[in-house]
Structures are given as C-alpha cells and as structure tokens.
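Residue numbers (UniProt numbering), protein chains in the order written: chain A, 1 to 365; chain B, 1 to 365.
Since the hints were made in silico from the structure, they are not lab data. The model shown is predicted, which means the values in this text are computed figures rather than measured ones. Virtual Cβ for every residue (Gly too), placed ideally from N, Cα, C. Any given hint could turn out to be false.
What the hints assert, rightly or not - Covered by chain B, according to a simulated footprint, are these stretches of chain A (three or more residues, beta-carbon under 8 angstroms):
#1 265-273
#2 305-318
#3 333-340
#4 345-357
To be verified - Computed list of chain B residues with no C-beta within reach of chain A, every gap over 10 angstroms:
#5 G12
#6 R54
#7 I74
#8 A75
#9 A160
#10 K213
#11 N240
#12 N294
#13 K351
#14 Q359
There are 2 protein chains.
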Amino acid sequence: MGRFYAVIPAGGVGTRLWPLSRAAAPKFLHDLTGSGSTLIRATYDRLEPLSAGRFLLVTGDAHRDAVCRQLPEIADENLVLEPEPKDSGAAIGLAAAILFTRDPSAIMGSFAADQVISPVDKFQDAVREAIYTAATGKIVTIGIKPTHPSTGFGYIRTGAPLNVEGAPRAHSVAKFVEKPSEEIAERYLASGEYSWNAGMFVAPVKLMLHHLKANEPALYEGLMEIALAWDTPERVAVKNRVWPTLPKIAIDYAVAEPAADAGDVAVIPADFSWDDVGDFAAIARLSSATENKNVKVIGDGARVFTEDSTGIVVSDTKRVIALIGIEDVVVVDTPDALLVTTRAHSQLVKKAVDGLKAQGNTDVL
Amino acid sequence: MGRFYAVIPAGGVGTRLWPLSRAAAPKFLHDLTGSGSTLIRATYDRLEPLSAGRFLLVTGDAHRDAVCRQLPEIADENLVLEPEPKDSGAAIGLAAAILFTRDPSAIMGSFAADQVISPVDKFQDAVREAIYTAATGKIVTIGIKPTHPSTGFGYIRTGAPLNVEGAPRAHSVAKFVEKPSEEIAERYLASGEYSWNAGMFVAPVKLMLHHLKANEPALYEGLMEIALAWDTPERVAVKNRVWPTLPKIAIDYAVAEPAADAGDVAVIPADFSWDDVGDFAAIARLSSATENKNVKVIGDGARVFTEDSTGIVVSDTKRVIALIGIEDVVVVDTPDALLVTTRAHSQLVKKAVDGLKAQGNTDVL
Numbered sequence: 001m002g003r004f005y006a007v008i009p010a011g012g013v014g015t016r017l018w019p020l021s022r023a024a025a026p027k028f029l030h031d032l033t034g035s036g037s038t039l040i041r042a043t044y045d046r047l048e049p050l051s052a053g054r055f056l057l058v059t060g061d062a063h064r065d066a067v068c069r070q071l072p073e074i075a076d077e078n079l080v081l082e083p084e085p086k087d088s089g090a091a092i093g094l095a096a097a098i099l100f101t102r103d104p105s106a107i108m109g110s111f112a113a114d115q116v117i118s119p120v121d122k123f124q125d126a127v128r129e130a131i132y133t134a135a136t137g138k139i140v141t142i143g144i145k146p147t148h149p150s151t152g153f154g155y156i157r158t159g160a161p162l163n164v165e166g167a168p169r170a171h172s173v174a175k176f177v178e179k180p181s182e183e184i185a186e187r188y189l190a191s192g193e194y195s196w197n198a199g200m201f202v203a204p205v206k207l208m209l210h211h212l213k214a215n216e217p218a219l220y221e222g223l224m225e226i227a228l229a230w231d232t233p234e235r236v237a238v239k240n241r242v243w244p245t246l247p248k249i250a251i252d253y254a255v256a257e258p259a260a261d262a263g264d265v266a267v268i269p270a271d272f273s274w275d276d277v278g279d280f281a282a283i284a285r286l287s288s289a290t291e292n293k294n295v296k297v298i299g300d301g302a303r304v305f306t307e308d309s310t311g312i313v314v315s316d317t318k319r320v321i322a323l324i325g326i327e328d329v330v331v332v333d334t335p336d337a338l339l340v341t342t343r344a345h346s347q348l349v350k351k352a353v354d355g356l357k358a359q360g361n362t363d364v365l
Numbered sequence: 001m002g003r004f005y006a007v008i009p010a011g012g013v014g015t016r017l018w019p020l021s022r023a024a025a026p027k028f029l030h031d032l033t034g035s036g037s038t039l040i041r042a043t044y045d046r047l048e049p050l051s052a053g054r055f056l057l058v059t060g061d062a063h064r065d066a067v068c069r070q071l072p073e074i075a076d077e078n079l080v081l082e083p084e085p086k087d088s089g090a091a092i093g094l095a096a097a098i099l100f101t102r103d104p105s106a107i108m109g110s111f112a113a114d115q116v117i118s119p120v121d122k123f124q125d126a127v128r129e130a131i132y133t134a135a136t137g138k139i140v141t142i143g144i145k146p147t148h149p150s151t152g153f154g155y156i157r158t159g160a161p162l163n164v165e166g167a168p169r170a171h172s173v174a175k176f177v178e179k180p181s182e183e184i185a186e187r188y189l190a191s192g193e194y195s196w197n198a199g200m201f202v203a204p205v206k207l208m209l210h211h212l213k214a215n216e217p218a219l220y221e222g223l224m225e226i227a228l229a230w231d232t233p234e235r236v237a238v239k240n241r242v243w244p245t246l247p248k249i250a251i252d253y254a255v256a257e258p259a260a261d262a263g264d265v266a267v268i269p270a271d272f273s274w275d276d277v278g279d280f281a282a283i284a285r286l287s288s289a290t291e292n293k294n295v296k297v298i299g300d301g302a303r304v305f306t307e308d309s310t311g312i313v314v315s316d317t318k319r320v321i322a323l324i325g326i327e328d329v330v331v332v333d334t335p336d337a338l339l340v341t342t343r344a345h346s347q348l349v350k351k352a353v354d355g356l357k358a359q360g361n362t363d364v365l
C-alpha cells in the first residue's frame, strides 16, 4: 500500500450540465448532489485513506486557482497543469512517467474527478484489491456491476479468476467492448459476465509505460522528456515546449486495450454505486437535497417557491425562483444563463450549447 | 371636444404578472406586448388626439419618477400623487373635483393606464360618441363587445337607444351586473344585449360630483377640500392631511351604479379589441413580438435559444435563456426573481406572490 499513488485527472467541460458546468467552471468544481463537497474534493477524500497524501492531480491551466482552493493539500510539484487538452493518454501517461522517475516501483490508481460513488468503504475495499492485484503485475480496472442496460458506457467482459492473495474478486479481463446497442446491453446484463467500464484503473507505472512505449512511442518519448525535467527548475519550460507536440489519444487505446490483448489486464468486479453524473436527470436521481414539496432544490442561496410542480432546481444565484403547475421540470439558474428543460430532455442540453455557440453567445459557454 | 379632459388612473400592482409587475414596478410601467411603448405611454398617446394635452394623471407617490419619465408632458399640477391607495372612488373623484374647480363645464374621460386596445381609431370614435353623449347630461360607459363568455369581467346590459347627435350608438344602460357564472356569461353572450364593463367612462364632472355627494358625502367633502386647495400653495399640505381620512370605495359603487339606477348612465357599445392583460396567457396572446421558433420572446436584451419548445419568454435581463423540450411554458426572468409556469396555470401566479410573502421573501414582491 505504501507504493500506491492516487492520480486524479480533472478534465472535461460537462457540456450536458450547462449552464452549471462550463468551460470556466467545469463539472468537477461543483457540488452536484448537495453533499456539501465538490466532486473533486469528494474524490480526494475518498482516496486519501488509501494513498496517505500521495496524490498527483492533472487539470487544465485555467483551473489552477479553483483546484487549489478545493485541494490546498496538493503541492505544486504534484499538480500537472495542461497548457491545452491532449486527451487521457497524455494526461494519465504523464502522471505515470512522473511517478516512475520518482519511484520506479510505484503503483498508480487513476480516478476521474467528476464521479459520484457510494458507499465509500466498498469503493476503498475494491481499490485495495486492485492494488494487491496490480502488485502481481497487472493493469487492474474496477468494473461496476450494471444496474440497467446502459448504452452510454463501455463494458468489460470478465475472464478467469486470478487467485490473488488479498484480492478474492480479481479476474482476468476477457475483453473491453465499446458502448453497445440496447439489445446487446440487455444481453450483457442478463449474462452476469459484464461490468461497466468506469475508467478507473490501478497499475504499476512501469507496466503502464511498457505498453505506452510499445503502442505510442512518440507519446511515450514526449512524456518521458517532460517527466525527467519535472522535479527540476526546467519543469515548466520543458512541459510548455513538449506538450503541444504530443499526439491526442485516449488511454484506452494507448494502453488498456492492447494490454488486455496481451493478457496483462485484470478486473475487480465491484458493487458500489457509481454515477458519472452525465446529465441533470442524474443530478435529480443522486441529489441528497431536501425536497421542497416535490421539487429537489440544489444550491445554497436558493429561495424557491413551488406549487403543483415536480422536478429539480439547481441554483447558483440568490434569486427567488417560483415554479407553478409545471411537471418534471429542470431549472438551472446561474448569474448569466438560465436553462429550462425536462428530465426526459436532459440528454439534449448539448444542443443548447451548440446552438448558443452558433448564435455567437459564447460568453456563457 | 374642447371641454374634454382625459383622466388616467394608474394604480394596481398586477399581482398575476409577478415577477415582471410588482409593487415597485407595476404593470402599467411595462411594455407587455413588445409594442415599443409602455402601457401607460400607449394610453396617453391614444387619448392625446382627443384631449389635446388636457390630462390628469392619478398614481401612487412611489411611482412619481417612473411616470414622469414615461410622460414628461404631464405638468406637476396635473399629476395627482396618492399618499396611500384609497380605491377608485377617491382617485377618480379627486380628478373630477379638481377639474370642476378649474372648469365647471368640464367633461372628463377616465381610462385605466394598463389596458391594451386596438385599433386606436375605433377606440377614438367610441370616445368621441361618448363625449357627445356625456354633453347631453349622461355618465357614459364604453362597453366592449364580448368575444367569449368571460367570468372575469362585469357586464353592462344595453337599454333603449338615445338618439344623440354625433353618437349613433348611444344607448341607455339597463343595468350593471357583477362578474357572472360561466352559464350566465354564455347566456349574456348569446343574447347580444350585454357588453363587458371595461371601467372606461366619460361624464360631465358636475354630474359625477352630484352622484358622489348624494352617495358618499364624506368622500365628496374630503375631495372638494383637497380640490379647492389644489391650484394653491396649500396643495400638498391639504392633500396629505385629508387623503388618509377618506373612505375606501370603488367608483362603481360610489357613482356608476346609483347613477344607473337614476337613469343617468349611457353606454356606447364598441367593437374594438380590448384586453386588461390580466395574466401571462394574455401577454402571449397580445404580443407582437417575433417568434423564436415557437416561443414568443418579449424583452429587449433577451438572448434566447429554443429547441422543441413552445410558450413565451418575458425577459427583463440580458441573461441567456435556453429552453429545451418544454411545452407551453411561461418563463419570466427578472434580475432578482424567476417564474416558470405554463399558460394554463398563469392565473395561479398570485399564489406564488402569497407564498413568497408567507416565506418572508418580500424583497421581490
């Protein structure tokens, strides 16, 4: 456990949560469930008992101040600021490379900053099993037991059990599959052999870099160049020179899938509840907010009056909001933009963002 | 026509139009139909060709500045500022009394500041007939031809024709009736004998005061005391001393109904379209605003994106508003309060105002 380092990639705008989540204030900086913690803070707190302060955080340059306010514990040398987005291959690969230069025996665990997980102890048990399994020389994903035939996630097919000490649930991964059709998703669910791929994985950094080098040598070379300068005065200069030249590729293609084909990937099938808070329907579902009659209200300063209404209000202002005779509504109120939609349409919020961009109203995106 | 004075009572908060209309910014100060004019300005402009600048305006003390911005033509001595609301008997009665002290032969016409009328020439034709009829010694209401069996208005039953020169439509009034049930309203509509009582009337001030004195002697005495001091340096002092002592009564009970019983009331049945803009459904109906797909948008600064939505947006801000997949919605966006409802529920907006009052959120009422 002493070799475990938690890596938190904090990226992605969360377009389907506009206008709450936006370029300047992405999803992970919000308390989307009324829990009292932002998603990124909750992610940190969930991992702290496992990594005992060993963290590496990767986020956009623009979010530096906001992230530091949320996580004052993160030292400068453990905060990787991307000059521009380069997808998860570069973000997670650089974390692996930096940790490797510090401790070649390090085991990293990568957990996105914008997910909601409970109960925390079941999550931590699964990560512990993943760490023990990783120590045997595996890249270990944590698979989520599906609760419905989602077509929005990738799936992991469980292979043979691995008999790892301290990790009774460890299995090999037979294969990763992309987001399926509903029919196929239903078959997956019925078979009991599939988990959701939540993008969480735990692995020896050495093994990560081995596969990265094999599959994406240019990316590997660039990342190693930055990593070797990281804990020197040249950190920023080298990063800013090399980063823009890196290829854009998801970590799934750069490492996880080829590693699975090589038999190097394991899975811990876990049964905590997990949500990537993909839209406002998810917020309504996950929210621990007290209800105002039949309307869930998220937001500290919100002053809400409801009558004959159902739905959810997410408020980022202190304005009075009155709902009268409106069903299944989603109201998201921010100082410069207002969204009114329904839970059933919440997957279409991206259309508003595209439409506003086309109108030239980019100041609120 | 040279004896005609237009009186505009500008009162009433317009609770069913909250949060656009409210105590500090009542209905008549808004451009509710996207015409480019506030309701009070449009009322003035409609009457100006008839009264040639002879106006008396009655409004609350608090609205002085806003009204003067809208109607810079109104001189101080023609602006009656009520220290507190005392109902229409006092407001219109004082106008009659002030005009009487200036010109005992004056004919006044009283027209509320918050109504929408078109076409203007038909309205003006009806008022001209009302003035000719008033000159024969009548209190003349202008009746509106009903377009549906409304239960929200009082009705006027037409009596015998009066054969007034220049006023071919002049009839006596058989009686005033209060807001009827739907069944009775349907009978009224079918009979063709009834008009809506729009609260508009034209009358010799002498005849108004005659009935006021007979029915409400205390009110009459108080108003005459103020009126006699009006065009003297004592105006404000006397008004502020006497006004709070006046009885509260509607002009209908203080003058119109007893005058009708005495055979002194006539009606001009008119067929222009008239709306008292009672709720947001009325705004949606009356609005001349261009449509954004199937959503009507009222408000200069509004930046609205709609997708698969129908309804109306009334914006008093420059915020971006996005509607997605929401039907028949009413969104009213102001700097400190937001209303989301449907056209079908727009009569219930008053409930929100009552509810917010009960919650203590009086700052936005």
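Looking at the structure, which of the earlier hints fail to hold? Hints 1, 13, 14 not satisfied by this model.
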